[in-house]
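Peer 1: Each chain, written out:
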Amino acid sequence: MLKHNKNAVFLLLAALPLALLGALGSGPVSVDLSSALAEGWSGQSSDAVILWQLRLPRALLAILVGAALGMGGAAMQGMLRNPLAEPALLGVSSGAALAAVLFLYYGAAWKSGWLLQALAIGGAFSAAAAVWLLAGRGASAGRLVLAGVAINAFLSALIALALNYAPSMFAMQEVVFWLMGSLANRGWDQLFLALPFLAVGVLCLFFTRNYLRALALGEDSAASLGFQSRAYPFLILLGIASAVGGAVAVAGTIGFVGLVVPHLVRPLVRQDPARLLWISALAGALLLLLADILVINFVGAQELRIGAVTAFIGAPFFFWLILTARRGQWL
Amino acid sequence: MSAHAPRRNFFWRQLLLGAVLILTAKAQAYERIASLNLCLDQVLLNWAEPADIASLTWLSAAEQYRSLPIPEHVQLNRARAEELLPLKPDLVLAGQYGAQRAAERLQALGVNVVTIPDAYSLEQLQQQLDAFEAVLGPLPPLQKQKRALTQLLDQPTAKQRASAVILSANNITYGSGMLEHQLLQRAGFDNLASSQGLARISLEEVIALQPDLLVFYGSEQHFALAYLAARHPVLQRYIDSGRTYTLPKQLSLCPALAVVDTLQQLMDKREALVKAQ
Amino acid sequence: MSIAAEQTIEAACIELGLERGRKSVLRGIHCAFKPFELTAVVGPNGAGKSSLLQCLSGVQNPSSGRVELNGVASGQMTAAQRARLGAFLPQSETPAWSLSAADMVALGLLPWGRLPDREQRIQQALLLVDAQEFAERPVTQLSGGELRRVQLARLLVGRAPLLIADEPTAALDIRHQLQLMQNFRSLADSGKTVVLALHDLSLAARFCDRILLILDGEMLAQGTPQEVLTPALIGEAYGVSCEFRWRDGVADFVPLDLLRKSSG
Numbered sequence: 002m003l004k005h006n007k008n009a010v011f012l013l014l015a016a017l018p019l020a021l022l023g024a025l026g027s028g029p030v031s032v033d034l035s036s037a038l039a040e041g042w043s044g045q046s047s048d049a050v051i052l053w054q055l056r057l058p059r060a061l062l063a064i065l066v067g068a069a070l071g072m073g074g075a076a077m078q079g080m081l082r083n084p085l086a087e088p089a090l091l092g093v094s095s096g097a098a099l100a101a102v103l104f105l106y107y108g109a110a111w112k113s114g115w116l117l118q119a120l121a122i123g124g125a126f127s128a129a130a131a132v133w134l135l136a137g138r139g140a141s142a143g144r145l146v147l148a149g150v151a152i153n154a155f156l157s158a159l160i161a162l163a164l165n166y167a168p169s170m171f172a173m174q175e176v177v178f179w180l181m182g183s184l185a186n187r188g189w190d191q192l193f194l195a196l197p198f199l200a201v202g203v204l205c206l207f208f209t210r211n212y213l214r215a216l217a218l219g220e221d222s223a224a225s226l227g228f229q230s231r232a233y234p235f236l237i238l239l240g241i242a243s244a245v246g247g248a249v250a251v252a253g254t255i256g257f258v259g260l261v262v263p264h265l266v267r268p269l270v271r272q273d274p275a276r277l278l279w280i281s282a283l284a285g286a287l288l289l290l291l292a293d294i295l296v297i298n299f300v301g302a303q304e305l306r307i308g309a310v311t312a313f314i315g316a317p318f319f320f321w322l323i324l325t326a327r328r329g330q331w332l
Numbered sequence: 000m001s002a003h004a005p006r007r008n009f010f011w012r013q014l015l016l017g018a019v020l021i022l023t024a025k026a027q028a029y030e031r032i033a034s035l036n037l038c039l040d041q042v043l044l045n046w047a048e049p050a051d052i053a054s055l056t057w058l059s060a061a062e063q064y065r066s067l068p069i070p071e072h073v074q075l076n077r078a079r080a081e082e083l084l085p086l087k088p089d090l091v092l093a094g095q096y097g098a099q100r101a102a103e104r105l106q107a108l109g110v111n112v113v114t115i116p117d118a119y120s121l122e123q124l125q126q127q128l129d130a131f132e133a134v135l136g137p138l139p140p141l142q143k144q145k146r147a148l149t150q151l152l153d154q155p156t157a158k159q160r161a162s163a164v165i166l167s168a169n170n171i172t173y174g175s176g177m178l179e180h181q182l183l184q185r186a187g188f189d190n191l192a193s194s195q196g197l198a199r200i201s202l203e204e205v206i207a208l209q210p211d212l213l214v215f216y217g218s219e220q221h222f223a224l225a226y227l228a229a230r231h232p233v234l235q236r237y238i239d240s241g242r243t244y245t246l247p248k249q250l251s252l253c254p255a256l257a258v259v260d261t262l263q264q265l266m267d268k269r270e271a272l273v274k275a276q
Numbered sequence: 071m072s073i074a075a076e077q078t079i080e081a082a083c084i085e086l087g088l089e090r091g092r093k094s095v096l097r098g099i100h101c102a103f104k105p106f107e108l109t110a111v112v113g114p115n116g117a118g119k120s121s122l123l124q125c126l127s128g129v130q131n132p133s134s135g136r137v138e139l140n141g142v143a144s145g146q147m148t149a150a151q152r153a154r155l156g157a158f159l160p161q162s163e164t165p166a167w168s169l170s171a172a173d174m175v176a177l178g179l180l181p182w183g184r185l186p187d188r189e190q191r192i193q194q195a196l197l198l199v200d201a202q203e204f205a206e207r208p209v210t211q212l213s214g215g216e217l218r219r220v221q222l223a224r225l226l227v228g229r230a231p232l233l234i235a236d237e238p239t240a241a242l243d244i245r246h247q248l249q250l251m252q253n254f255r256s257l258a259d260s261g262k263t264v265v266l267a268l269h270d271l272s273l274a275a276r277f278c279d280r281i282l283l284i285l286d287g288e289m290l291a292q293g294t295p296q297e298v299l300t301p302a303l304i305g306e307a308y309g310v311s312c313e314f315r316w317r318d319g320v321a322d323f324v325p326l327d328l329l330r331k332s333s334g
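Protein chains in written order, with my numbering: chain A, 2 to 332; chain B, 0 to 276; chain C, 71 to 334.
No lab work stands behind these hints, which were simulated from the structure alone. No incorrect hints appear here.
What follows is a set of in silico ranges between Cβ atoms, one per label pair, in the way DEER data are often shown:
hint, chain 1, residue 1, chain 2, residue 2, range
1, A, Leu12, B, Tyr96, 53 to 59 Å
2, B, Glu62, A, Ala16, 49 to 55 Å
3, A, Ala158, B, Gly109, 42 to 48 Å
By construction, the Cβ of each residue, glycine as well, lies at the ideal position given by its N, Cα and C atoms.
Isolated chain A, as found in the complex (with noise of 0.2 Å):
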C-alpha cells in the first residue's frame, strides 16, 4: 500500500518535468527546442526568443497557478473538514477577480507592481471572510456551500456590472476572459508578479499544516492538541487568499483544480491533510499544464478557455462523486 503510494507520487514528479518539455514543444510555430535551448536565455533567434520569452513562461505560469489552486483546494477542504470546499467555490477566486477587475479597468496600469496582486489578494481575503462570516462559524457543509454560491453569484454579477461600465471597447468579452480564465499572452513580468504571493500562501500553510492534520479531529480535538488560537484559521484563509488571489490576479478564475486535484491525490498520501497540501500543489501544476496544452494544440478561431477545460475535466469527475454517492458509500 505504502509502496503503491510511492511509486504514484514518484511518478507524478516524473510527468511534471515530461509535460514541462511537452508544453515547451506545443506551439503554432514550429521550434527547434535543442537549438533553441542551447542558444540559452539571452539568444536572439526567434526559435530561442519563442521558447524563452513566450513559452517556458506560459508554461512555468501554468504550473505556478495551477500549484496554487491545489494547494488552496487541499487547504480549504482541510480547513473546512469538507471535501467539497474549495477556493472558487468560496468566493476567493471572483472576490480576486473582481478587485483585480475594478483595480485594471479603473485604476493604473498593468505593470503597477505589486498593487494589483496585493489588491486582489484583499479581494480574495474579503470574499472568503464574507462567506465564512455568512455561514456562521462551525458552520455545516450545506450552510456554507450554499453561503458561497450566493456570495459568489453576486461577486460573478458584480465583475459583469464592473466590465460593462470599463472605458473598454471589449468590456463583455473581457468578461469572458476573466471568468474562464486564460494563460495566452502571459510573460514574465506575471510570472514575477504571481510568484512572491504564491511564495507567502506556501509559508502561511507551511506553519498551519499541522493544524490542518489536528483539525481531522473536530476544533474541540484540534484545540486540545494545542492549536486554540485564532491565529491558524486566519493564516490559512490568508495562506490561500495570498496564493490563490495571485494566482487569479494573473490568469482569471480557474475552476474545478481546487476541487477535483485534492480528491484525486488524497489517497496518494494517506488522507494526511498536511502532506495533501504539497501533493495537490504537485497534481494542480500538472493538471493545469496538461490543459493549457491542450488549449495550446486546439485549433479554432479563438484560443479555448483554460477554465472550460478544466471544467472539461472536472465536470465529469464531479458525476462520478455522485455515482460513487448514489451506492452509498459517503455523502
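Got chain A; can you put chains B and C on it based on the hints?
Peer 2: Quick look at chains B and C alone, frame taken from chain A:
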C-alpha cells in the same frame, strides 16, 4: 407646416446660386442633418458646417469616442426614430449596418434617409467618399481629402519594400482584402499575414515572422486583456528600436477621416526603416 | 503493559466561571484532581459537565477564575505547553478524512513533534485498547466501539499526565464500556490524573475514586462515591428517586421513579 417655408426659400436661393456658379452638384445643401452612426457623426463634425448639424449619436459624446467638441445646439440621439422625428431633419444619414429599423421607420414616415456604405477596402472607401459628396455636396474638406488620397495612391510604389505585420486587439491580424492590408501594401510594406481577411495570430507567429515593422492597432489608454499581447515583454525590442507603428483607432471607426494621414505616416515609416538599414 | 506516567500532575479549578452569550454555564467551581485518581464528573444533561472539562483541558477559556496545572495558571502557558500536560477527548470526535486508525492515533502525538519512540508509542497505545488488528483500517469504516477504542488510543498515546474524556462510554455496549473503564482505571493506577464525564452512575461508583456532582453550573457535591451517590443528592440533581445497593465498595444504582420537581 412652417418648417417647409425656409426650406423652399433655401431651394430657390440654391437654384440661383447654382445657375450663377454652374455647379455640377446634384446635391442639395441640407441644413438639418442627423446621423445614426458614429462614423457619420465624425464625418459631419469634421467636414460639414456645424450649423447644419441637427443631431448626432450619443456615442460621439462618450468619452472614449469623442474626438471633436460637439456644438451646443446639436441633439444627441440613440438611433431611435421617435427621437429624430421632432427634430424635423431634412437629411438622415444611416450606415450600412446598425440602426436599420430606425432608418426604415423614418423613411416610411417620409423623412429623407440616405444610407452611406461602409468601407472595408480602398475601393469601398472611394465609393464611400463619392457617396458623401453626392449627398453633402462638394464640401471643401471632403474634396481636399479625396484629392490627397488620389495623390497618395498615384505615387509609384516604393521599390525597396519592407515587411510588416499587424497585431491588433485579441491577437487579430489583417490579411489580404482588408483596408489595413491595402494601406500597408501601398505604403511599400509586404504584409506578412498570409491569411485572407481577419485572422488570429499568436505572439509566437509574430516573432517567427520577424517583420521589419510591428503594427499595433487602436488605443492603449485603457486597460483590456485584449491588449495583453501588445504589452508582452517579448515585443519590447520592437518598441525599443522604434520598429512599431500604431494605426489610429479612427481608422477602424471611420476610415474616411483617417486614411490619408495613416497612409502618409506609413510611407514615412517605411522610408525611415529603409534608411536605418 | 500500560504506559507509565513519565510525569504526574495536579490540576485544580479555582472559582471557575464560564459564560456563553448571556447565559452563565459555570459558576464558582472549586475542585482538584490528583495523580493516581480517577474522577467522574456527573450531573444531568446541560448541567455543565462538558463545559467544565473544556475549561480544564484549555479548549475553553474560563470567563472568570482559573485552571491551575501543577500550581501554574493554564492561561499563563502557551497552547503547546498546555497540550503537553493535558489530553482531551471531546464527546464526539468524528474524523473528517478516512485516515487509518494508526494515523489517527499518531495525531495524539502532535504536541510533542517528532518523538524518537513515535512508532513504538502508537503500537503500544493500539495494543492497550486492543485495536492493533485494525490499525491499518480507515477509521470511517470502523464500528462505533472500534472507533472509540482508537480515540482512546489517540488520547493516551502522548505523554500528557492529565487525561480528560467527555462521556467516553456513550454509545458503547456493556462489554466495551467495561473494557474502556478498566483502561482508564489502569491509567490512573499508573499515575495519570484521569477526569471523565459520565452518565452511568454505576460505572462511576465502581471505577472512580472521586465523583463531582454538578447541577446548573454549580458544584452540588464532591467526594468519594459513597459520599456523593446518595438518594438525597441524586434526587436533588436528577429529580428521580433511587436507591444504591452497596457491596464491597461497588454500588448497584437502581432508579425508582420521577420526583415532582420543587417549584423555584
